[in-house]
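S.K.: Spelled out from the first residue to the last, the chains are:
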Amino acid sequence: MSNNERNNQDWDIIVKPKSTLFHLNLKEVWAYKDLILLMVKRDLTSVYKQTVLGPLWIFIQPIFITAIYTFTFSESAGLSTDGIPPILFYLIGQTFWVYFADCLNKTSNTFISNASVFGKVYFPRLVMPISVIISGLVKLSLQIILLLAVYLFFYFKTNQIEPQWAYLILIPVLIVIMGIFSLSLGIIFSSFTTKYRDFTFLLGFAIQLLMFLSFVTFPASMFSPLKQSFLMCNPIATIMEAIKYILTGHGIFSIEYLLLSLITTIFLFFFSVIIFNKTEKSFMDTV
Amino acid sequence: MSRKVIQITNLGKQYRLGQVGTTTLGDDLKRWWYKIKGKEDPFLKIGDENDRTKKGNSEYVWALKDISFDVNQGDVLGIVGKNGAGKSTLLKILSRTTSPTVGEYKIKGRVASLLEVGTGFHPDLTGRENVFLNGAILGMTKAEIRKNFDEIIDFSGVERYIDTPVKRYSSGMYVRLAFAVAAHLKPEILIVDEVLSVGDQEFQDKCLGKMRSVSESGRTVLFVSHNLLAVKQLCTTGIYLKNGRLQKSGTTRDIVEEYLNDDKQLNSDGTIPADFYREHSTGDAFFRKILLTDLNDNPLTRLAFNQPFKVKLVLEALKQIKGVAINVNITTSLGEPIVFSVDTKDSKYITHTFDEGLHEVEVLFDFKLLPNNYRITIGVHYFSDGITIDWLENIYQFKVDKISYNTNEDYPWDALHGYIEPESTWKYKKL
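Residue numbers (the numbering used here), protein chains in the order written: chain C, 83 to 369; chain B, 468 to 898.
So that you can see chain C by itself, here it is in the shape it has in the complex (with noise of 0.2 Å):
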């Protein structure tokens, strides 16, 4: 065979050392996207087994967290709620807002809590932080309906709900920005984890200080006009303000800041993107 017919023989893998930087082969992604399903399912249902309550603890736990909030940052502590009832007001920021979280805590342990399995097969690494973000969707579907549930109990009890329906359609949206942020938060921190460790010290207790800074337990209006524009910077303060807005009619929505919010998610993106392809060729070496 002649070298000229060698090199025009189109092989379907060609590894190098280095690749380019935005290369994110989503064909490569969707070829695999059974096992994105399976492993949605997995995620699902492995949790539960050996459960008798099952999925049902998809609704006990934020009743229980809109709970404890009412009694200790409503009742006892008297925060204000903006006008919204605390019950609801503590419900719709605490059903987003563990949204956030679990993506954002599952994705930046990728790399480690899949180390056996990246070990030994290869796939699209970006299979397993997708699977996370779809897999915390159908959760978040699941609660939100337990949402709605308390919503139109309080929207006919009380006259204290004024939904903003011109922008209902903005909050698909907004979680889907909040899904990518998160994703592209937890790319960063799982592709530095690999080598360094200290980002899961650092991440843990990170998470559990944002949420303080993200309005889920109090809202913006409680802050001075500097103080907000400050804490709106965060584009999931942005957001839980903007849904509390669209779904009560209470609270802060700003275009401006939820245009901030979309470009820092868009480019915190791409910077995921290039440490991501970085990471995933040889965080074997490291992990």
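Just so you know, the hints here were simulated from the structure itself, not pulled from any lab data. Take the hints with a grain of salt, since some may be wrong.
What the hints assert, rightly or not - Derived pair list, reagent style DMTMM-like, types lysine to aspartate or glutamate, alpha-carbon separation capped at 20 Å:
#, chain 1, residue 1, chain 2, residue 2
1, C, K131, B, E571
2, B, K609, C, E110
3, B, K573, C, D92
4, B, K471, C, D92
5, B, K779, B, D822
6, B, K549, B, E725
7, B, K575, C, E110
8, C, K131, B, D630
9, B, K869, B, D833
10, C, K98, B, E571
11, B, K614, C, D116
12, B, K699, B, E724
13, B, K497, B, E526
14, B, K653, C, E110
15, B, K609, C, D125
16, B, K575, C, D92
17, B, K634, C, D125
18, C, K360, B, E725
19, B, K653, C, D94
20, B, K653, C, D116
21, B, K614, B, E655
22, B, K471, C, D94
23, C, K123, B, D591
24, C, K123, B, E571
25, B, K575, B, E655
Go by the hints and put chain B onto chain C.
M.R.: Using the frame of chain C, we list chain B on its own:
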């Protein structure tokens, strides 16, 4: 000429010894600084050869270096080499679980790698769920798995337990199910690493059979094993890796012979070099010398047909060793054992004690080896707990000629038939 499906060019993989993976933060920064200045990575120029027995100068080590070879479609390529020769690193790179430091490779077709069976099995999920999950991880689509599902279950033989969580499985059942999934992959290239060393004999045979049928269907297999017999049976071509470098590539037989011959160079008086590679050793005692002699103690490397022979060993005990047993095995040229002789057998399981110092051990063999090539493996063990004090595999090689020793009953056939001529009595009767 058949089509090339894998082409590997100058592949190399560098590791840093010690705590953290391939680099430290300081070296990372240096690397980055060189990159900004547009210079070559400074750490690629250094690095020791991968020989774990010797103390190196650099903390960087090349697990693989300058590996170049091609694989054609339908080849079953055996990869042999000692522990740490870079076999698994090579497979890891080819199955894309880690990337090379230098060089590149190209692959044509779908690759499935079996570096382990049961990758991604979740203990809480049932057998059925895990078959789908594992299949998908290995690159099958849901439809493909569903199509092969019955066959997979049939092959694994765990049908009754298929809806039970796999954490309740016995380890054998677990492996069977896992291998069954892997066996029903339909990749163009299959990469297999020693997965056959699990399961009972029946299952191992089943696996070997499956691999054979994979290769017969024109697909390409890369196979790493320490089981030279399996390599020889399955593979058409092979490569031999030594200290991270490609020592030889060629037909399986050449490779296996080369692998066994390599490093087994004894001095002419039978002295075993001090740096000789030992598979197992506690350090309590070492074999220092091995010789094959005739009955008058003349050293031999070839025997005449029918010739009785002795194996003489010199054992140095660094301290007193009690209750030991010494064995001398005669193996084929490919290392398959055919004769096993242990000194406790003759003395009705009475073991020996060696004081500190040198001891000569002699064993007289009186049986007929047929003309062929042979090797000797020797070992010394504590008899009670089986701990091996020293073990030298395939250390000595010799040949048995067709010419008879003291009679004119030469070996009459052209072809070689087996290894041992037993004492046999033939009777004839007209019926």
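S.K.: Hint by hint, where does the structure go against what was stated? Just the numbers, ascending.
M.R.: 1, 18 and 24
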